[in-house]
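This is what each chain is made of:
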Amino acid sequence: MEEKITGSEILIRALADNGVECMFGYPGGQIMPVYDKIYENEQGVRHYLARHEQGAIHAAEGYARATGRTGVVITTSGPGAMNLLTGLADALMDSTPIVAISGQVGITLLGKDAFQESDVISSVLPVTKWAIQVRRPEDIAPALSRAFYIANSGRPGPVVIDLARDAQIGMAVYEKQNAPFIRSYESDPEPAEGAIEEAARLINESERPLVLAGHGIMISKAENVLKELVEKGELPVGSTMLGLSAIPSDHPQYVGMLGMHGNLGPNINTNRADLILAVGMRFDDRVTGAVNKYAPNAKIIHIDIDESEFDKTIKCDVHVHSDARKALETLLPLVESKSRKEWRASFDQHRRVEEERVMARELTCAAPDGRMLMGGVVRKICEAFGNDAVIVTDVGQNQMFTVKYSLFKTTRSFISSGGLGTMGYGLPAAIGAKIGVPDRNVVLFCGDGGLQMTVEELGMIMEYGVDVKIVLLNNNFLGNVRQWQHLFFKGRYSSTPMVNPDFKMLAGAYGIEAADVSDASQLDDAIAKMVAYNGAYLLNVNIDETDMVFPMTPGGNGVDEILLNESEYYKPV
Amino acid sequence: MEEQLFTLTVYTENRVTLLHQISMIFSRRCLNIESMTVSACSIEGVHKFTITCRSTRLMMEHVVKQIEKRIDVIKAFLLTDDEILFQEVALYKVPTENVVNMDIEEIVRKHGARVLEIHPHYTVFEKTGHTHEIKELYDHLKPFGIRQFVRSGRIAVTRSSREYVDEFLEWRERAANKS
Chain V
0 MEEKITGSEI LIRALADNGV ECMFGYPGGQ IMPVYDKIYE NEQGVRHYLA
50 RHEQGAIHAA EGYARATGRT GVVITTSGPG AMNLLTGLAD ALMDSTPIVA
100 ISGQVGITLL GKDAFQESDV ISSVLPVTKW AIQVRRPEDI APALSRAFYI
150 ANSGRPGPVV IDLARDAQIG MAVYEKQNAP FIRSYESDPE PAEGAIEEAA
200 RLINESERPL VLAGHGIMIS KAENVLKELV EKGELPVGST MLGLSAIPSD
250 HPQYVGMLGM HGNLGPNINT NRADLILAVG MRFDDRVTGA VNKYAPNAKI
300 IHIDIDESEF DKTIKCDVHV HSDARKALET LLPLVESKSR KEWRASFDQH
350 RRVEEERVMA RELTCAAPDG RMLMGGVVRK ICEAFGNDAV IVTDVGQNQM
400 FTVKYSLFKT TRSFISSGGL GTMGYGLPAA IGAKIGVPDR NVVLFCGDGG
450 LQMTVEELGM IMEYGVDVKI VLLNNNFLGN VRQWQHLFFK GRYSSTPMVN
500 PDFKMLAGAY GIEAADVSDA SQLDDAIAKM VAYNGAYLLN VNIDETDMVF
550 PMTPGGNGVD EILLNESEYY KPV
Chain L
0 MEEQLFTLTV YTENRVTLLH QISMIFSRRC LNIESMTVSA CSIEGVHKFT
50 ITCRSTRLMM EHVVKQIEKR IDVIKAFLLT DDEILFQEVA LYKVPTENVV
100 NMDIEEIVRK HGARVLEIHP HYTVFEKTGH THEIKELYDH LKPFGIRQFV
150 RSGRIAVTRS SREYVDEFLE WRERAANKS
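Chains as they are written, first to last, in numbering that gives the first Met the number 0: chain V, 0 to 572; chain L, 0 to 178.
No lab work stands behind these hints: they were computed from the structure. Built from N, CA and C at the ideal position, the CB exists for glycine as well. Honestly, I wouldn't trust all of these hints.
To be verified - Between beta-carbon pairs, the in silico distance windows are:
| hint | chain 1 | residue 1 | chain 2 | residue 2 | range |
| --- | --- | --- | --- | --- | --- |
| 1 | L | V114 | V | T312 | 19 to 25 Å |
| 2 | V | P437 | L | L30 | 44 to 50 Å |
| 3 | L | V37 | V | E189 | 28 to 34 Å |
| 4 | V | P295 | L | W170 | 38 to 44 Å |
To be verified - With a straight-line Cα cutoff of 35 Å, these simulated DSBU-like cross-link-like pairs (lysine-lysine) come out:
| hint | chain 1 | residue 1 | chain 2 | residue 2 |
| --- | --- | --- | --- | --- |
| 5 | L | K64 | V | K314 |
| 6 | L | K74 | V | K175 |
| 7 | V | K379 | V | K503 |
| 8 | L | K74 | V | K314 |
| 9 | V | K311 | L | K68 |
| 10 | V | K231 | V | K528 |
| 11 | L | K177 | V | K220 |
| 12 | V | K226 | L | K68 |
| 13 | V | K226 | L | K134 |
| 14 | L | K177 | V | K226 |
| 15 | L | K74 | V | K311 |
| 16 | L | K177 | V | K325 |
| 17 | V | K325 | L | K64 |
| 18 | L | K74 | V | K325 |
| 19 | V | K220 | L | K68 |
| 20 | V | K311 | L | K177 |
| 21 | V | K325 | L | K68 |
| 22 | V | K231 | V | K379 |
| 23 | V | K175 | L | K177 |
| 24 | L | K68 | V | K292 |
| 25 | V | K292 | L | K64 |
| 26 | V | K314 | L | K68 |
| 27 | L | K68 | V | K111 |
| 28 | L | K64 | V | K311 |
| 29 | L | K68 | V | K175 |
| 30 | V | K220 | L | K74 |
| 31 | V | K325 | V | K220 |
| 32 | L | K64 | V | K220 |
| 33 | L | K92 | L | K134 |
| 34 | V | K292 | V | K226 |
| 35 | V | K528 | V | K503 |
| 36 | V | K379 | V | K340 |
| 37 | V | K408 | V | K528 |
Stated by the list, open to error - Residues of chain L clear of chain V, computed beta-carbon distances all greater than 12 Å:
| hint | residue |
| --- | --- |
| 38 | V98 |
| 39 | F148 |
| 40 | I154 |
Just chain L, same shape as in the assembly (with noise of 0.2 Å):
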């Protein structure tokens, strides 16, 4: 079977040692997590994962499976690129002489960055994207001399309208209501 790169997103409760819960899955078979994004979604109390991952579909069915088992995850779904929607945010500090003296302007506006902040020794370029188009920028700045570049891990969402998980844990709550 082929590998490719998944996403996932993983629902969980607000609780230490949910990161730990999850990783260990991926290290247990020894998958190498590409990148991780987690923050509190849009349903009070609960957290999102975002993991990437790069395997083949069977492993990442079996991964997401055993994800889910854990008490307080909620649910864990298996996605690939053209289920969701996603972006990364990457930063790319340039020495600002360089902006100054140099025509960056082009650049900056075919790729669709912008200036975060301007300082008489540096500038702050922000750009968000795909992974390849953060890296294409990156090449282009390249020349003026990157002082620093980050990027942060992938952010998704579905391309269906909600949550999923709005739905189970309705479904869970009449449940307990009813019993």
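So here's chain V without its partners, still in its complex pose (with noise of 0.2 Å):
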């Protein structure tokens, strides 16, 4: 019979085996035993330690985005679990493998108050896909095989293993596990054929279809087969937020951005269109502006491995449940060569006027007073590493001028918290996607407010020298929740304007280089330096707080009543 071991362990040597290379964390009192065998077993798998718990979920999240792999985070119980909870709220929205193992206090005290306990499983179930107590040192290798299982597969979401102390110390023999069957969970579901023939005809019968490519896309890796079919039927497809990326800015059939803060091309021709092919997209409410005015004209086709998504907000003509790729795979040979040549053409003529009555001034980089405009500042910097990094933001306005101005060549690279909209999530998120993509240059785009949420993780920075460039666009304000001041609540400025310290001396203080542009006329030769600079870098742009991200379909208005500006709806012809 095999030596028995400690369950912290078991706990290492089967995050091993799960194929873990590194985890975020932090120590505290009742995940000390872990800890002591994470010390023993540095060469194994590494652990970063963050400076919150928050900082360290973000980080295990933004890896997970770049990597398409599963994050770890470790902490503590009580605070340390309790301080995870945005992170997993926030991992569950979009869809992204977590595995978080957090330390609770002997079975014995469970229940009484203990310090430092709280009802981490009654705690986190809303906002994980699962979660289990571990009691018994022999229950951890099966639970972790599960968790792993259940994290990535089907759609993935976050998953808690609270581990209390008795498992932790007590002995076991370890046994590496299979991947598991759970019987009540189908993670990888055949696409129905009924619905795929449906789907193929309605697509066939269409003079104008529009794709809205979602996350599902990267996270089957349908990226490839996406392509070839929006080729084949000359399908113009446009792009949610999440799904930025999975098809490369500069292709023929992209369209744009769909939603709020979308482009006007997309957003129009959804309620012009006779067909929505929706693939890995959950028609969220920003996607969707006022559902009773959605897609009037269209035929919904719904492809998503999430079967409680079908209908949940749009009521849809066809479902596919399956993952995206397995969808689009079988319906490939069953699409026609079709010309829609005009139909495409369309898209361009509401893109010439967003160029010329949006993006130009934009553009510009420039403010009367010499202060940047975003949008400007965010093209240039992606050009400057051949709109090829991956671009991280935080949220807010940085994040809506990210994804208008940013282009890309390469999939999974935009990382962005979507469905909760978590500030704070960039900068450990940005770090996290370095540590999983170390060859690709790693580029955050953050605001004043989202930076000061999680600054701490400057220090991950420091001790670990992570290499992100940061570059915050700050414009001393609260931006996004300016720019519905100034629209919706007559320019009374409510708590938004903000008191900030020195960034500079900030990133100085973490031993990180960096460099403020006070006028648009130093910018080409900040962003050169940061470019060139083998390490972190952290440039402070001095951004116009009146600039504010159009166009804009506001709340309660159909996708296609769009504003231009703050006083002028966009008439298409």
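Build the complex from these two chains, which are given one at a time in their own frames, with help from the hints.
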């Protein structure tokens, strides 16, 4: 019989056997036996010490999104576990595979308000795909094997293992686990033949089809088959925010981003299309606008691996329940080659209006007083990295300007908090992304508000020398809320102006190279210096706070009721 | 869309946290659960939740899908009264002196109730039936002085010959053996 080892050692070995190469975490009283084994196993699974558990889980999310692998985070009980909640909710919304391991007090103390005890399982259930408390060392390996399987199959999501002290210090034999079979969980459904045939028929009949490509394209690795499909049928394809980079920005069938701050073409044409093919997306309210005015002329085909998304917000005509790649691969041979040039050209006409009326000003980079405009700054920096960096954003105007002005060549190049809209996500997610894909450039665009929510993670950059380029689009304002206050609350800027620290000095305190750009005339040089610099860098860009994100579909409007600026609606011909 | 009473039957693995996992889907939408009955079902290791809730069909369809999405939930079904046979059970505790002194026999006979226990101080009647039948007996016994009254949640079986979940589990096991 094999030798018994502690649960903590089982955990470390099981992590390695589940393919984990690194994890992000923060030690504390009730996870110390595990950290003692991490100390022994420095050559095995690498551990990155965050400065806050929220930073640790967002880093794990960034890692997962950049690599497609499961991000792992480890914390102590009580406050350590509770600090994960935002990240868990974020990962659940954005289908990000995470395994979070939290220490827990000994089982005799459970339910007795022991020091640093909290009811982790009850707290995390609404924000996880699955959660389990493990009390015995022999249950660790099976729980971990299930956790990794659940986190990164089907529609990926976060899983929590609440690891009682007894399991960490108890002794058991480690047995390597096979992939589990979970009878109640069908992770990889086959697309129904009838649904595929009906979808193909609708596509072939359509004159004005529009493909909506979501995050599911990347999760299921359907990028190539998507390209083949849209080329074969000459199908215009728009992207959700989380779907960005799945198809290259310069692909002839690519027509831009959907939604509230999306491009004119795909939004206007959503309501002119006679067919919507939605792939691996969930008709988020930011994509649909008012649902009763959404796509009134279209038959809608919805491909998703999550059955609960069908008819949730938009009633669809055909449901294909499977992952995006399987569905598209089955669909591809049935879709006929068809010329739809006129329909494709109709997107360009809206594109030209957007370029002239909205983008041209933004791309000058400069406000009249020499301060800068976010969109132009984003475009210049993306170009300086050959439009091939991994772009990470925080949440707010920085995010909306980044999605509108960045360009992509490679899949999995855009990482942002979509569903939950978590400010503070950007910095740790960028760190995790760089650790996941060290050979790629990673550029973070963030605002002064979001950066300060998790600014302590500059410590992780310092300690591990993570080469992240941080572009701080600094307008000394909570810009997105300011924009809404300006448009909808009579310009009453309640609690949105921010008195900020000297960010260059702050970066300096962490030993991070930094520069201030106060005038647009200095921008090109400053970008060149940042790009040339080998190592982490913070570029603090002086942004005009009156700059606003347009086009914009205000809440309650249909997707085709779009503001070009604060007072003028777009009137397409 | 009109509100009506729906019966949900939910088959789950027998694990802790399932009650929480299911109830949170209702509480998230501020839906009040009218009744819930949970016990082992005819399939070994599988538990069955019978839940009643008043809402619209659209709302309940979303709820059922979100329940079924939970990993440890095997199957969930949305049913209306015409698709099921259902019962509740109620217990009524009445002072024995009132039972003896007054003519209660006819009431008990008419309502198909039975006597569960006769104690010198109290007598307990048991009645199974639909909600309104249980309420009717309550109203009739009220003049006799009901000391305690309790009513279970609904239990229900479908009008088909098997539990739907059998086929699903057989199919899953076959799929697992194949791969």
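Verification of the supplied hints:
{"no.": "1", "hint": "L:V114 x V:T312: 19 to 25 Å", "result": "violated (55 Å)"}
{"no.": "2", "hint": "V:P437 x L:L30: 44 to 50 Å", "result": "holds (48 Å)"}
{"no.": "3", "hint": "L:V37 x V:E189: 28 to 34 Å", "result": "holds (33 Å)"}
{"no.": "4", "hint": "V:P295 x L:W170: 38 to 44 Å", "result": "holds (39 Å)"}
{"no.": "5", "hint": "L:K64 x V:K314", "result": "holds (15 Å)"}
{"no.": "6", "hint": "L:K74 x V:K175", "result": "holds (30 Å)"}
{"no.": "7", "hint": "V:K379 x V:K503", "result": "holds (21 Å)"}
{"no.": "8", "hint": "L:K74 x V:K314", "result": "holds (23 Å)"}
{"no.": "9", "hint": "V:K311 x L:K68", "result": "holds (13 Å)"}
{"no.": "10", "hint": "V:K231 x V:K528", "result": "violated (44 Å)"}
{"no.": "11", "hint": "L:K177 x V:K220", "result": "holds (25 Å)"}
{"no.": "12", "hint": "V:K226 x L:K68", "result": "holds (30 Å)"}
{"no.": "13", "hint": "V:K226 x L:K134", "result": "violated (64 Å)"}
{"no.": "14", "hint": "L:K177 x V:K226", "result": "holds (33 Å)"}
{"no.": "15", "hint": "L:K74 x V:K311", "result": "holds (19 Å)"}
{"no.": "16", "hint": "L:K177 x V:K325", "result": "holds (19 Å)"}
{"no.": "17", "hint": "V:K325 x L:K64", "result": "holds (22 Å)"}
{"no.": "18", "hint": "L:K74 x V:K325", "result": "holds (24 Å)"}
{"no.": "19", "hint": "V:K220 x L:K68", "result": "holds (23 Å)"}
{"no.": "20", "hint": "V:K311 x L:K177", "result": "holds (33 Å)"}
{"no.": "21", "hint": "V:K325 x L:K68", "result": "holds (20 Å)"}
{"no.": "22", "hint": "V:K231 x V:K379", "result": "holds (34 Å)"}
{"no.": "23", "hint": "V:K175 x L:K177", "result": "holds (22 Å)"}
{"no.": "24", "hint": "L:K68 x V:K292", "result": "holds (29 Å)"}
{"no.": "25", "hint": "V:K292 x L:K64", "result": "holds (25 Å)"}
{"no.": "26", "hint": "V:K314 x L:K68", "result": "holds (19 Å)"}
{"no.": "27", "hint": "L:K68 x V:K111", "result": "holds (32 Å)"}
{"no.": "28", "hint": "L:K64 x V:K311", "result": "holds (10 Å)"}
{"no.": "29", "hint": "L:K68 x V:K175", "result": "holds (28 Å)"}
{"no.": "30", "hint": "V:K220 x L:K74", "result": "holds (29 Å)"}
{"no.": "31", "hint": "V:K325 x V:K220", "result": "holds (10 Å)"}
{"no.": "32", "hint": "L:K64 x V:K220", "result": "holds (26 Å)"}
{"no.": "33", "hint": "L:K92 x L:K134", "result": "holds (14 Å)"}
{"no.": "34", "hint": "V:K292 x V:K226", "result": "holds (29 Å)"}
{"no.": "35", "hint": "V:K528 x V:K503", "result": "holds (15 Å)"}
{"no.": "36", "hint": "V:K379 x V:K340", "result": "holds (32 Å)"}
{"no.": "37", "hint": "V:K408 x V:K528", "result": "holds (23 Å)"}
{"no.": "38", "hint": "V98", "result": "holds (44 Å)"}
{"no.": "39", "hint": "F148", "result": "holds (32 Å)"}
{"no.": "40", "hint": "I154", "result": "holds (22 Å)"}
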